[in-house]
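Note that the protein sequences, when read in sequence, are chains P and X.
Position 399 of the first sequence, counting from 1, maps to 399 under the numbering used here, and the rest follow consecutively.
Position 118 of the second sequence, counting from 1, maps to 118 under the numbering used here, and the rest follow consecutively.
Hints are not guaranteed to be accurate.
It does not matter which identical chain is used: a pair holds within one copy or between any two.
Below, a list of computed lysine-lysine pairs in the PhoX-like style, where the Cα atoms sit at most 25 angstroms apart [to be verified]: (1) 93 - 304; (2) 261 - 276; (3) 420 - 261; (4) 183 - 212.
Source of the hints: derived by calculation from the structure; they are not laboratory data.
A quick note: this is a predicted structure, and the numbers were derived from the prediction, not measured.
2 protein chains.
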Amino acid sequence: MSVEKQMKQAKEAAIKLASASSETKNKALKNIIINLKKNKNKIFSANKKDVEAAKKFHLQESLIKRLVIDDVKFKEMVNELKDVIKLEDPVGKTLSVIELDKGLVLSQITCSIGVIGTIFESRPDALMQIASLCIKSGNAVVLKGGSEALNSNRALYETILKATNNVLPKGSIQLIETRQQVKQILKLNQYIDLLIPRGSNKFVKYIQENTKIPVLGHSDGICHVYVDEDADLKKAINVCFDSKCQYSAVCNAMETMLVHKKIADKFLPKMIKKFKQANVEIRADNKTKKIVKSAKSASEQDWKTEYNDLILSVKVVNDADDAINHINKYGSKHTDAIITEDDETASKFIEKVDSASIMRNASTRFADGFRYGKGAEVGISTAKIHSRGPVGLEGLVIYKYVLVGKGQVVSSYAGNSAKKFTHRRIK
Amino acid sequence: MSVEKQMKQAKEAAIKLASASSETKNKALKNIIINLKKNKNKIFSANKKDVEAAKKFHLQESLIKRLVIDDVKFKEMVNELKDVIKLEDPVGKTLSVIELDKGLVLSQITCSIGVIGTIFESRPDALMQIASLCIKSGNAVVLKGGSEALNSNRALYETILKATNNVLPKGSIQLIETRQQVKQILKLNQYIDLLIPRGSNKFVKYIQENTKIPVLGHSDGICHVYVDEDADLKKAINVCFDSKCQYSAVCNAMETMLVHKKIADKFLPKMIKKFKQANVEIRADNKTKKIVKSAKSASEQDWKTEYNDLILSVKVVNDADDAINHINKYGSKHTDAIITEDDETASKFIEKVDSASIMRNASTRFADGFRYGKGAEVGISTAKIHSRGPVGLEGLVIYKYVLVGKGQVVSSYAGNSAKKFTHRRIK
Chain P
1 MSVEKQMKQA
11 KEAAIKLASA
21 SSETKNKALK
31 NIIINLKKNK
41 NKIFSANKKD
51 VEAAKKFHLQ
61 ESLIKRLVID
71 DVKFKEMVNE
81 LKDVIKLEDP
91 VGKTLSVIEL
101 DKGLVLSQIT
111 CSIGVIGTIF
121 ESRPDALMQI
131 ASLCIKSGNA
141 VVLKGGSEAL
151 NSNRALYETI
161 LKATNNVLPK
171 GSIQLIETRQ
181 QVKQILKLNQ
191 YIDLLIPRGS
201 NKFVKYIQEN
211 TKIPVLGHSD
221 GICHVYVDED
231 ADLKKAINVC
241 FDSKCQYSAV
251 CNAMETMLVH
261 KKIADKFLPK
271 MIKKFKQANV
281 EIRADNKTKK
291 IVKSAKSASE
301 QDWKTEYNDL
311 ILSVKVVNDA
321 DDAINHINKY
331 GSKHTDAIIT
341 EDDETASKFI
351 EKVDSASIMR
361 NASTRFADGF
371 RYGKGAEVGI
381 STAKIHSRGP
391 VGLEGLVIYK
401 YVLVGKGQVV
411 SSYAGNSAKK
421 FTHRRIK
Chain X
1 MSVEKQMKQA
11 KEAAIKLASA
21 SSETKNKALK
31 NIIINLKKNK
41 NKIFSANKKD
51 VEAAKKFHLQ
61 ESLIKRLVID
71 DVKFKEMVNE
81 LKDVIKLEDP
91 VGKTLSVIEL
101 DKGLVLSQIT
111 CSIGVIGTIF
121 ESRPDALMQI
131 ASLCIKSGNA
141 VVLKGGSEAL
151 NSNRALYETI
161 LKATNNVLPK
171 GSIQLIETRQ
181 QVKQILKLNQ
191 YIDLLIPRGS
201 NKFVKYIQEN
211 TKIPVLGHSD
221 GICHVYVDED
231 ADLKKAINVC
241 FDSKCQYSAV
251 CNAMETMLVH
261 KKIADKFLPK
271 MIKKFKQANV
281 EIRADNKTKK
291 IVKSAKSASE
301 QDWKTEYNDL
311 ILSVKVVNDA
321 DDAINHINKY
331 GSKHTDAIIT
341 EDDETASKFI
351 EKVDSASIMR
361 NASTRFADGF
371 RYGKGAEVGI
381 STAKIHSRGP
391 VGLEGLVIYK
401 YVLVGKGQVV
411 SSYAGNSAKK
421 FTHRRIK
């Protein structure tokens, strides 16, 4: 089947899927668990092929680790499906009710978006997670995983397909496998309502720049921690260290540390010592270098760089405003933190920093769907509309207005003897 | 100043404006009212120039009518500003609060979006309305009105500028005047966060297809009314007539009427007679033509056409599903109505029709920000994300996550002795 036909089928399925009951959607998810267990050997041997190919092509050890489906990961996949079943159905919730006039009531009700195009990294368990979230929210989904996981993804997709065949509308879940197909779907804005790309900055940027379809995601994660003059330095050291070192390869890790000039002398030597012990390379501005003589020089480019590695840029700033300006200039609107005991400075930072997540005295690494209590994460968005920050099921729904009347017409509410609206909020 | 410099200035102003207090924003709006009254003569004489030019170039009578600022319209402008002052500040509202762990609390708080680029029709009062809504929501705004209203817009803009000069950050409100400048701003996605174009379908489509900036709006308004077999025919006649004739030149007017075959014989003759008396041209399918012999034939193109005029396409359908399929195929996701006394059919229609507003036994003409009780309308959106249907102030805000802790780090919640999150919903 051509990609265009697949997408057309998905669009037709989406209309039906949008009105599927919670029971139907949960039944589909339960069937997937049953089928997953049935197909375990098949999935493992498909995954083995991928892992062997990856080793043959000498892929990075960390990448191979993410690719492997072992017993632990398999169990996690099942548990994640169970969690999604337990989540509240995001569709059909009444957001607001307003009486326009007697017997004329307007409700705002959540509904599915339609067809979600997802493009994700080589972790095959990502396929299962994304598919389950789209099913739960009544959206048709197009799945494109990493090419390294081709066989695993195919086995997982077949598992899903068989499990949902008689439960969900035909065509609700689509798989595409090549870059050429990705290029094609970018043009199919008549069928696809939202794209969720995950992966490298370069890749997400490519998607954002080559489609008319709205894109939910983030290309960069240049996160800052600002250590204020009123910081508790012990907290500052712990939070900065965690933000950088707890897992440095991810989008919510700190890339730049900003330090108030009044506490730089006291704070920096201890902090940098701790970073050095963890093999973090420091790239610093001149003021920092006066205190930490061993540091390399940071260039203008460093302030704009997401290292995703054990490298940190460090700058001494004059005050909170200076820090805020740096963050709004060089940051990526992802996650930024302030360490301070002063409420006024904290409020200012929270108000003026234009980012999706702002932390006070807490690690940037908390910015994540699971930690935010969303149960599951579709992605992290740095967009300024729709959904921002870690996005859970709520990002996969929108709303309809439903107006129920008794034959009312607008002409009664116009002209000289116009009736007045009551506009009474009921919910 | 170059357009790029203007937009850069707007972006810088937006950061400051985002944290302006309700008092500051309302003070700016009050000053505008004062200055508007002061400048009344200036504004009227500028407007006179525009109206004279329009007459000289023989613009349509309806267009000239929209262009005129007379005493009535001036008073309306002042009243609209007063209404916006009274609206609740949409910024700084707490949407949700969740305790992640003891002393680690996540809040989701509404905030301004940033820089809103607005391009609107030749009604000069639109400039005032849009500017006031952006000020109230703490967004910087770029205003581009119709070229027919050039002098009026300039006079209104100067009024706003003088009134807000010492109250709002410099550069918060920008005016652009040429199509060339519009072309330029479409490329400035680093400064503009959201575009709201209003105007002809063709124009809005042009904007949507030529920018990476998210666009809120609608190009088409192909609205349907479906008269079900269980319709109360008196209601049906009133609602269909109002949907078409109360004001036919607007996006929420009915363009296609769908009629259940079982009631077509009874309903159509009366209905069409009423339409004919109002000079509505009927373009009908073959089944309709058997009943209403005088009707013209509808072509495939008619089902896809927004007439914005006293023309109506009419089709007899087999049942509600047939109507739903027609609407989802040919409609524009704007506003569609069902006339029925049957709850089950109504529910099905409401669930399956993929439109922003769905009416049961009420006119499509109710789909409008003022009638929906929003106080004011930014535009009507047929997008599937962010804001849908008539959009009020709520469409001009997004949210931030604010996490406040006491120095917590993620490493405490990872590994073998990981602490557990409480994830207790507070709000």
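Subject >> Hints that the structure is at odds with (numbers, increasing) >> reply: Structure breaks hints 1 and 3.
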